[in-house]
Amino acid sequence: MTLRRAWFPALLGLALAVALTFLTLPILAIFVDQSPADLVTSLGEPGALDALWLSLRTTAISMAIILAVGTPAAYLVATRSFRGKAVVVTLVELPLVLPPAVAGIALLAAVGPAGILGGTIEAVGIELALETAGVVVALTFVASPFYVRQGMAAFAAVDRTLLDASRTLGDSEARGFVRVMIPAALPGLAAGGALALGRALGEFGATLMFAGSFEGITQTVPLAIYDRFATDFDSALALSAILVAVSAAILLAVKLVQRDDSLGGWGEGPARAGR
Amino acid sequence: MRCVLALGAAVVALGAACGDDEDENGGAATAGERARVVVSAAASMTDALEACAPDFGDQENADVRLGFAGSDELAAQIREGVKPDVYAAANTRIPGELHDEGLLEQPVEFATNEFVLAVPKDSGIDSINDLTAGDVKIAIGSESVPIGSYTRETLAKLPPEQEQAILANVRSNEPDVKGIVGKLSQQAADAGFVYLTDVNAAGEQLRAIELPAELEPDVTYGAAVVKGAKEPMKGRAFVDGLTDGPCADALQAAGFGAAP
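Quick mapping for you: the protein sequence lines, in order, are chains B and G.
Mapping the first sequence onto the working numbering, position 257 (from 1) lands on 257, and the numbers just tick up by one.
Mapping the second sequence onto the working numbering, position 192 (from 1) lands on 192, and the numbers just tick up by one.
So here's chain G without its partners, still in its complex pose:
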């Protein structure tokens, strides 16, 4: 039975590896000579990391293979035995948990993001107080993904009746930020809670509404090298590069803040 399970895990790993191919970021032809660093990163960093990966690769003589999904899904893959070299999440809680479970090396905080209310650009919604109207459709992150837990954490700071009214307008619990942004830009939803960087990345389609400071959660991103990684040295270099180097620059250009 153990053999069956191990093979099952191998099949899962194989599936995940195939999934990564879609996000592969160039340079596979030279994979024979260059080390390959596999990075599992939260979906909100897609644009920034895709922009800096080639520069990092040249600097470190490595090919970076990026895979993006909800931080929780990537964590679940790691718990099921998938071993990327680096895990970069949109919070510090999940990397902390994985570290406690012995799956990650010591995580580091490498960036901050701003948690905002996003609406389609022509929307009449101007503040979080407008979300209680009966006809507003809201898309938020699923409870298990960081953007979803930040959202619930924020709403819990509101008066209970306002929190309930807003939650009653939620029409979709999306598995990652891309889902929320997609629903907003297609006007399937009227409002959603995402990171400022997502609104920036969506270009002209969305408008960000800042939340009052007392509501805004502290959004800090954490990353670590995965224990048992094939390329731990290059992985460490990648994690270091998130705070200093081309990837740190790309993150700032995308609207991320420097780590506290």
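Isolated chain B, as found in the complex:
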């Protein structure tokens, strides 16, 4: 009898073990294949540091744009009902499911030199293709949906009485947005921001197709890894290890923020709405 009951939990355990092994082994191999000393040596190579610095810069700029534009946009969609809202949400989410190669082609066709807006952009004096600005465009295009989508959910989940209370007290909507809604939605926004950050740091295909690959200008860490794959596997491993570490740190930070939320989040009452 016990045996007959035990088979299902055992199956579940087996499935988890298979999934864990499959998912962690390749990542583990990145670290097993090299000593920490090798890792440091490989990073001493100038190109590797250039790539890291470029990745950090472009990701930071792209995140600033995503937060500045994405936050109010997500707020608007989450707090209004209007015709075609579902279409708007779908359009925002579409880049999430696009293969990176499609994103690269689409960016070339839209804002590349021969693209539909290429002439206009050139006339303004901006160059995107093969320039650092192009990397930022590619990162923003692929990463922003992660933030906006999560932001919409976070704003929609905020107890509307909070905002109403702030309005009753004479606040403008702008003030309510900044003082009430953003703090209340912060854990969700942070989670979305972290996902977007991780996606931007790891972006490869769209960057390569749209911005090209040049050390210090457009060759971000994933492109540098690919460039070294054939010639300098150790250096590729070292850069991979760093991306894994940074991504793990981001993920951990999100988990911490979310745990804070569940321990004492904003949803519990207007008392913490901070006025």
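Calculated from the structure, these hints are not laboratory results.
Glycine included, C-beta positions come from ideal geometry on N, C-alpha and C.
Treat the hints loosely; a few may be bogus.
Simulated DEER-style distance windows between Cβ atoms [what the hints assert, rightly or not]: (1) G:Glu204 x B:Ile116: 16 to 26 Å; (2) G:Glu161 x B:Val88: 49 to 59 Å; (3) B:Ile250 x G:Glu214: 52 to 62 Å; (4) G:Pro160 x B:Glu215: 14 to 24 Å.
Short, incomplete list of chain G residues facing chain B, as computed with Cβ under 7 Å [as the list claims (entries may be wrong)]: (5) Ala168; (6) Asn169; (7) Arg171; (8) Gln186; (9) Gln187; (10) Ala188.
Take the given structure of chain B and dock chain G to it, following the hints.
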């Protein structure tokens, strides 16, 4: 730890096998009866080999599965334990190295290509001397891929100041020829160094500018059967077919020259 590494390699191999699926060239339904020849070939041969693979398959009663990438990437996969049946590269150096490392059987030279300067069809650039102007954006192959090493080899024959001026205009080191051709046809770059066959394959979009004979590198393609291949016999037949048979014809139709 060895077990971990072996499994890691298996995962890499699995990934590579999945990647190959995208380039699969028909006939998978009959894979049960026909032998499957896996070919890793340089990206510059994409059109030619895709055209001849079905004919070769019928002739040899085999399904040809083609995978295209930069010659160096394919070599790196082989060094990591991936075993296609045939490796065909855009130079003779990499197959030679892999042979010395005991990973390939004796390579053969099977085709030549012409190394040219390519520009979008309406470009004002007419010679390599026009590449030193300040506003020219150049896309070339990354140093590790044959097209990139041919490019550097060629530029090194120029006077040093001209070489430096051209290298200073390089805006992208692309991982394979497709990347260079794509940047040119989208006018993201103004000029690039590729093979004549790539310009032919791009149709009307690009124009090839021949280089002076003293600059032109000798571009010879080499291929070999991979040691430990699952189908060594069919692999050898495929390699032989690159110099004589439907694939040799397809290569010539694409603009490749016969092996020296």
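The hints, checked one at a time:
1. The hinted window of 16 to 26 Å between Glu204 of chain G and Ile116 of chain B holds, with their beta carbons roughly 20 Å apart.
2. Roughly 56 Å separates the CB atoms of Glu161 of chain G and Val88 of chain B, a value that falls within the hinted 49 to 59 Å.
3. Between Ile250 of chain B and Glu214 of chain G the CB atoms are about 54 Å apart, so this pair conforms to the stated range of 52 to 62 Å.
4. Between Pro160 of chain G and Glu215 of chain B the CB atoms are about 21 Å apart, so this pair conforms to the stated range of 14 to 24 Å.
5. Interface restraint check for Ala168 of chain G: the shortest CB-CB distance to chain B comes to about 12 Å, outside 7 Å, so the restraint is violated.
6. Interface hint at Asn169 of chain G: violated, since its Cβ lies 11 Å from the closest Cβ of chain B, which is beyond the 7 Å cut-off.
7. Checking Arg171 of chain G against chain B: minimum C-beta separation of about 4 Å stays under 7 Å; hint holds.
8. Checking Gln186 of chain G against chain B by beta carbon gives a least distance of about 5 Å; that is within 7 Å, so the hint holds.
9. With its C-beta approaching chain B no nearer than about 4 Å, Gln187 of chain G sits inside the 7 Å limit, and its interface hint holds.
10. Among the interface hints, the one on Ala188 of chain G holds; its C-beta lies about 4 Å from the nearest C-beta in chain B, closer than the 7 Å criterion.
Checked against the numbered hints above, the structure breaks hints 5, 6 and satisfies the rest.
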